[in-house]
Amino acid sequence: MGKVKKTIKSIKIVADKCNGCRACELVCSAFHAKPRYSSSNPARSRIRIVREPLRDIYLPVYAGEYTASECTGRDRYIIDGKEYSECDFCRASCPSRNLFKEPDSGLPLKCDMCEDEPAREKPLCVEWCINDALLYEEREEEVDEAVVAPGDIEIGVESLIDKFGLQQVLDTIARASKR
Amino acid sequence: MRYAEIGFDLEIDLSRGSIDRVETDPTLTKLHLGGLGANAKILWDRVPPDTEAFSEDNLLIFSTGLLCGTAAPGANRTIVTTYSPQTRLMAYSMMGGFWAPELKYAGYDKVIIRGKSPDLVYLWINNDKVEIRDASHLRGKGAIETAECIRAELKEPNAQVSAIGLAGENRVFFASIEQGRSSASRLGVGAVMGDKGLKAIAVRGTKDVNVARPAEFMDLCTGVMAYIKDREAKPVPGVMPIVAGLGSPQEMKLVDEEWHTANFMWGNSRTRRKELTYTMAAYSDLDFGFRIAQRATEYGVDGFSAPQVMAFALELLEAGILTDADFPGMPADSEGRFFWLLDRIVRREGIGDVLADGVYWAAKRIGNGAEAYDHNTIKKHEQLPLKLGMLNPVYYLMYATGEKINITQIEGQFPQSPFPTREEREEFVKDWIHVPDEKFKQYLLDWEPRGEKSNPYYPTVEASCDIVDWQEKMHYIDDALGMCAGLSSFPLKPPYHIHNYPAFISAATGIDIDESELGQIAKRNRTLLRAINVRRGMRRADEKPPEDHWKRRFPELEAKLLDAYYEMKGWNNDGIPTKATLHELGLDYVSEDLEQRGVIGNGQG
Numbered sequence: 015m016g017k018v019k020k021t022i023k024s025i026k027i028v029a030d031k032c033n034g035c036r037a038c039e040l041v042c043s044a045f046h047a048k049p050r051y052s053s054s055n056p057a058r059s060r061i062r063i064v065r066e067p068l069r070d071i072y073l074p075v076y077a078g079e080y081t082a083s084e085c086t087g088r089d090r091y092i093i094d095g096k097e098y099s100e101c102d103f104c105r106a107s108c109p110s111r112n113l114f115k116e117p118d119s120g121l122p123l124k125c126d127m128c129e130d131e132p133a134r135e136k137p138l139c140v141e142w143c144i145n146d147a148l149l150y151e152e153r154e155e156e157v158d159e160a161v162v163a164p165g166d167i168e169i170g171v172e173s174l175i176d177k178f179g180l181q182q183v184l185d186t187i188a189r190a191s192k193r
Numbered sequence: 004m005r006y007a008e009i010g011f012d013l014e015i016d017l018s019r020g021s022i023d024r025v026e027t028d029p030t031l032t033k034l035h036l037g038g039l040g041a042n043a044k045i046l047w048d049r050v051p052p053d054t055e056a057f058s059e060d061n062l063l064i065f066s067t068g069l070l071c072g073t074a075a076p077g078a079n080r081t082i083v084t085t086y087s088p089q090t091r092l093m094a095y096s097m098m099g100g101f102w103a104p105e106l107k108y109a110g111y112d113k114v115i116i117r118g119k120s121p122d123l124v125y126l127w128i129n130n131d132k133v134e135i136r137d138a139s140h141l142r143g144k145g146a147i148e149t150a151e152c153i154r155a156e157l158k159e160p161n162a163q164v165s166a167i168g169l170a171g172e173n174r175v176f177f178a179s180i181e182q183g184r185s186s187a188s189r190l191g192v193g194a195v196m197g198d199k200g201l202k203a204i205a206v207r208g209t210k211d212v213n214v215a216r217p218a219e220f221m222d223l224c225t226g227v228m229a230y231i232k233d234r235e236a237k238p239v240p241g242v243m244p245i246v247a248g249l250g251s252p253q254e255m256k257l258v259d260e261e262w263h264t265a266n267f268m269w270g271n272s273r274t275r276r277k278e279l280t281y282t283m284a285a286y287s288d289l290d291f292g293f294r295i296a297q298r299a300t301e302y303g304v305d306g307f308s309a310p311q312v313m314a315f316a317l318e319l320l321e322a323g324i325l326t327d328a329d330f331p332g333m334p335a336d337s338e339g340r341f342f343w344l345l346d347r348i349v350r351r352e353g354i355g356d357v358l359a360d361g362v363y364w365a366a367k368r369i370g371n372g373a374e375a376y377d378h379n380t381i382k383k384h385e386q387l388p389l390k391l392g393m394l395n396p397v398y399y400l401m402y403a404t405g406e407k408i409n410i411t412q413i414e415g416q417f418p419q420s421p422f423p424t425r426e427e428r429e430e431f432v433k434d435w436i437h438v439p440d441e442k443f444k445q446y447l448l449d450w451e452p453r454g455e456k457s458n459p460y461y462p463t464v465e466a467s468c469d470i471v472d473w474q475e476k477m478h479y480i481d482d483a484l485g486m487c488a489g490l491s492s493f494p495l496k497p498p499y500h501i502h503n504y505p506a507f508i509s510a511a512t513g514i515d516i517d518e519s520e521l522g523q524i525a526k527r528n529r530t531l532l533r534a535i536n537v538r539r540g541m542r543r544a545d546e547k548p549p550e551d552h553w554k555r556r557f558p559e560l561e562a563k564l565l566d567a568y569y570e571m572k573g574w575n576n577d578g579i580p581t582k583a584t585l586h587e588l589g590l591d592y593v594s595e596d597l598e599q600r601g602v603i604g605n606g607q608g
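Sequence order for the protein chains is A and B.
Position one of the first sequence corresponds to residue 15 (this note's numbering), numbered consecutively onward.
Position one of the second sequence corresponds to residue 4 (this note's numbering), numbered consecutively onward.
No wet-lab data here; the hints were simulated from the structure.
Do not take every clue at face value.
To be verified - Cut-off 20 Å, straight-line C-alpha distance, at most; resulting in silico cross-link-like pairs (SDA-like, lysine to any residue):
| hint | chain 1 | residue 1 | chain 2 | residue 2 |
| --- | --- | --- | --- | --- |
| 1 | A | K48 | B | T209 |
| 2 | A | K96 | B | K119 |
| 3 | A | K48 | B | E156 |
| 4 | B | K158 | A | E100 |
| 5 | B | K158 | A | D126 |
| 6 | B | K132 | A | G120 |
| 7 | A | K48 | B | R49 |
| 8 | A | K124 | B | G513 |
| 9 | A | K48 | B | R184 |
| 10 | A | K96 | B | K33 |
| 11 | A | K31 | B | K496 |
| 12 | B | K210 | A | G120 |
| 13 | A | K31 | B | E429 |
| 14 | A | K96 | B | G226 |
| 15 | B | K496 | A | D30 |
| 16 | B | K210 | A | E155 |
| 17 | B | K158 | A | G165 |
| 18 | B | K158 | A | G120 |
| 19 | A | K31 | B | K33 |
| 20 | A | K48 | A | D146 |
| 21 | B | K33 | B | K496 |
| 22 | A | K20 | A | E172 |
| 23 | B | K119 | B | G183 |
| 24 | A | K48 | B | M4 |
| 25 | A | K96 | B | D222 |
| 26 | B | K232 | A | C101 |
| 27 | B | K158 | A | D102 |
| 28 | B | K232 | A | D30 |
| 29 | A | K136 | B | G226 |
| 30 | B | K158 | A | D158 |
| 31 | B | K232 | A | I22 |
| 32 | B | K132 | A | C101 |
| 33 | A | K31 | B | C152 |
| 34 | B | K232 | A | K96 |
| 35 | B | K237 | A | Q182 |
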C-alpha cells in the first residue's frame with residue numbers, strides 16, 4: 015500500500031480559556047440540522063462541554079470515532095486540583111454513555127470539521143468561540159493510500175450492524191428498498 | 004409548526020398531583036412575545052387579585068423567553084413569576100444558566116405550578132416523561148447540594164436543576180431559587196416555591212427548537228458574535244468596568260473591581276466608607292464575603308436583601324430597640340454575628356422568624372421606633388444600598404416607577420453619568436447606532452457634570468422621560484425574549500438593540516414585525532404589569548425612593564417628573580393606565596375589569 019500526503023484537520027482545545035458558554039454546541043447542532051440551521055439542539059451537537067461550573071471545570075470535547083464496545087479505562091485524573099474522569103477527555107461515541115449519539119436513533123455522531131461546499135476556512139465551533147478556547151489546526155501527514163474517512167451513513171450502518179447483526183440489517187434494507 | 008417557541012406549556016397542580024401538557028394560543032405570541040409578557044397575561048387571567056402569595060391559587064410560573072434554545076447568543080433567561088409575599092405585588096425574578104433552553108429542548112415553553120403538595124416533592128421533566136417525585140430525603144439540604152443529589156439519583160449529569168434551600172422551605176420572604184451558578188433571587192419567589200412544597204425542578208431535553216427562516220436567522224446570529232468580539236476589543240473609555248464591556252462578568256474578571264467594591268454603602272449603612280472592600284454587610288475582607296456568600300447560596304437567599312436585613316437587626320441592637328435577649332448565643336465578632344444571624348433567619352428561629360419577613364415587615368412587627376431604620380426599601384423590598392449626593396432625574400424615575408423593583412434590571416443603554424468633556428461625548432456618540440432616535444445623542448452631548456445643564460435639571464423632565472422609556476423598553480423586550488440583559492438592555496452599545504431585534508424575531512418566529520410594532524408589544528407588556536399591580540392596590544404614593552437615597556432632593560421637580568412620566572405612559576396622575584391607553588393596546592378586558600372594581604371611573608381617560 016502506497017503512502018500519500020494528507021491534510022489532517024484538528025481542533026486544539028485550550029481548556030483554560032473555556033467559560034462553558036456552550037455557543038459551540040448550539041452552532042454545531044444548527045449547522046448539522048436539516049435543512050441547515052433550521053433548528054438547534056445541543057444533544058445533537060458533535061462538540062460538548064464537560065461542564066461543572068461550581069468546580070470550575072469547563073472542558074470542550076469533540077466527537078471522534080464510533081466504537082462498538084466499552085473500554086476498561088475508568089481512571090480519574092486530578093489536574094490543578096480539579097478531578098476529571100478518563101471519559102471526560104475521550105472523543106468516542108461508545109456504549110458506556112449517551113454522548114455523541116443522535117437522541118432519536120442512538121446512531122453515533124462524529125465531527126466532520128463542518129465539511130461544506132465551498133470549503134469553510136474553519137469549523138463553526140471555532141468561529142463561534144469567543145474566548146479562543148478552540149483553535150483550528152491543519153497539518154500534513156503521510157498516511158496509507160487506502161484509508162478513507164467513513165461518512166455519516168457508514169458510521170451509522172456500522173453501529174447498526176454491531177447492534178443487530180449484519181443479516182438483520184441486510185434484511186431490513188432489502189425490505190425498505192422494496193417499499 | 005411553531006417556530007422559536009414550542010407551543011406547549013406544562014401545567015402542574017401539586018394539590019391534585021396532576022400533570023398536563025397544554026397547547027398555547029399562538030395569537031398570544033404576537034401580542035406578548037413570551038417570557039415576562041406571557042407570564043403577566045397568565046397571572047392577570049388566572050389569579051384573582053386578592054390571592055395571597057401563600058395560597059393554593061397563587062401560580063408559580065417558570066417561563067422561557069421566546070428566543071431561548073435558539074442559536075441567538077445569550078438567549079438563556081428563565082423568568083419566574085408569581086405574587087410576592089413581601090411586596091404583595093407581582094414578582095418577576097430571572098435567572099441565567101441553561102435551565103430555560105433545556106426546558107425548550109424537553110418540549111415546553113413554560114412550567115405553570117398551582118396548588119400545594121402535602122409532602123416535599125420535586126419535579127422531573129425528561130422530554131415527554133414528567134414525574135412528581137418524593138423529595139423528603141432532600142429536606143433541609145442546600146440548593147446546590149440538592150441539585151447534585153438529584154442529578155446523581157437520576158443518573159443524568161446533563162439535567163439542569165432549579166432548587167430552593169432551607170430559606171425557601173421555611174418561606175423566608177427573600178428566599179431565592181438557585182440554579183447552576185445563577186439564581187432567581189428577588190421578591191421571594193423561592194418562598195412561594197417552598198410554600199408549594201416544591202424542592203426542585205430538574206429538566207433534561209433532547210429535542211429540537213426550530214426557527215422559521217434558518218439562513219437569515221443564522222446570518223443575524225453570526226453578526227452578533229462578530230459584534231461581541233469587536234465590542235470586547237474596544238471597551239468604552241471613561242466609564243466603570245461593568246459597563247465598559249459587555250455582559251456582567253467584568254466583576255468576576257477583576258476580582259476587586261473598584262467601582263463595586265469601594266463605591267457602595269453595603270449593609271444597611273447610610274454612609275459610604277470608601278476604603279472598604281465589598282463584603283456586603285459585615286465590614287470585613289473579601290474572603291469572608293465569599294465564605295458567607297457560599298453559605299447564603301446553599302440556603303438560597305437574595306444577595307441584596309439578606310445582608311441588609313442582618314445589618315438592620317444589628318443596628319436595632321446597637322440602638323437598644325432590640326436587646327441581647329433577642330440574640331441568645333450570638334458570637335461577639337462581626338463575622339460570627341452575620342453567620343449566626345443567617346442561620347437563625349433561614350430556620351425562622353427566634354428573632355430570625357421576624358427578620359425572615361424582610362426589613363419592612365420586621366420593622367413593623369418590632370415597632371418601638373424600628374421603622375426609622377427601614378430606610379432602604381421601595382414598595383417593601385430592599386434596594387441595592389446606594390446613598391448618593393445629587394438627585395439624578397433619570398434614576399429618580401426608574402427607582403420610583405420600576406415594576407421590577409431592582410435598579411440593575413431597569414437601567415442601561417444610556418451612560419449613568421455625563422462625560423466630563425465635550426470631546427469625549429462627541430467621540431461616544433459617533434458609533435452610537437443603538438439610539439431609537441437621534442435626539443438621544445443631543446441629550447448626551449449637552450449633559451454636563453456641573454452648571455446649568457447638569458443634574459438635577461438636566462436631562463430635562465421631557466428628556467428624562469424619553470431616556471427612561473428607552474431603557475425600560477429594552478428591558479421589557481429582553482425579558483419577553485429571554486435575552487440576557489448583559490448583551491442587550493444593560494451595557495452601553497450592546498449587540499442587540501431596537502433596530503436589529505425586529506429582524507431577529509421575524510426570522511426566528513416567522514411573525515413579521517417592525518420596530519414600531521415591537522415597541523407596541525413592549526408597551527403592552529409594561530402596561531399589563533402595571534395594571535396587575537394597580538389591581539393589587541399599588542398607587543402613586545408607593546412610588547417613592549428611600550428618603551436618604553440622595554442627599555439633595557427636589558420635591559417639586561420630582562413631582563413634575565412623575566407627572567410627566569405618567570402622562571407619557573398614558574396613565575393618570577395616580578399611575579393607573581387610562582381607558583384610552585388600554586384600548587390602544589388591545590387591553591380592553593383589563594379596563595373593563597378595572598372599571599368593575601372601581602379602579603378607573605366611567606368618564607376616565
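> Between K20 of chain A and E172 of chain A, is the straight-line Cα distance small enough, at 20 Å or below?
Replying inline: Answer violated: K20 of chain A to E172 of chain A is near 25 Å, above 20 Å.
**Prompt:** Taking only the CA atoms, is the gap from K96 of chain A to D222 of chain B under or equal to 20 Å?
**Reply:** This hinted pair is violated, its Cα atoms lying about 38 Å apart.
| Keeping to a limit of 20 Å between CA atoms, is the pair of K158 of chain B and D102 of chain A held or broken? | Measuring from Cα to Cα gives roughly 16 Å; hence the hint holds.
Take the C-alpha atoms of K158 of chain B and G120 of chain A, compute the straight-line distance between them, and say whether it is at most 20 Å.
-> Holds - the C-alpha atoms of G120 of chain A and K158 of chain B are around 18 Å apart, at most 20 Å.
(Q) What's the verdict on K48 of chain A and R49 of chain B, does the C-alpha distance respect the 20 Å limit or exceed it? (A) Judged against 20 Å, a Cα distance of about 40 Å means the pair is violated.
Given the hint that K96 of chain A pairs with G226 of chain B, does the C-alpha gap stay at or below 20 Å? At roughly 36 Å apart (the allowed maximum being 20 Å), G226 of chain B and K96 of chain A break the hint.
Please verify whether K48 of chain A and T209 of chain B have alpha carbons no more than 20 Å apart.
holds, 16 Å
Holds or violated: are the alpha carbons of K132 of chain B and G120 of chain A at most 20 Å from each other?
-> Holds, because 18 Å separates the two Cα atoms, which is no more than 20 Å.
Please work out if K124 of chain A and G513 of chain B have their alpha carbons no farther apart than 20 Å.
Violated, at about 32 Å.
task: Measure nothing beyond the straight line between the CA atoms of K96 of chain A and K119 of chain B; if it is 20 Å or shorter, mark the hint as holding.
output: violated, 41 Å
| query | Taking 20 Å as the top limit, are the C-alpha atoms of K48 of chain A and M4 of chain B close enough? | reply | Holds, at roughly 15 Å.
Q. Is K496 of chain B within 20 Å of D30 of chain A, Cα to Cα?
A. violated, 29 Å
When held up to the earlier numbered hints, the structure conflicts with 2, 3, 5, 7, 8, 9, 10, 11, 13, 14, 15, 16, 17, 19, 20, 21, 22, 23, 25, 26, 30, 31, 32, 33, 34, 35 and fits the remainder.
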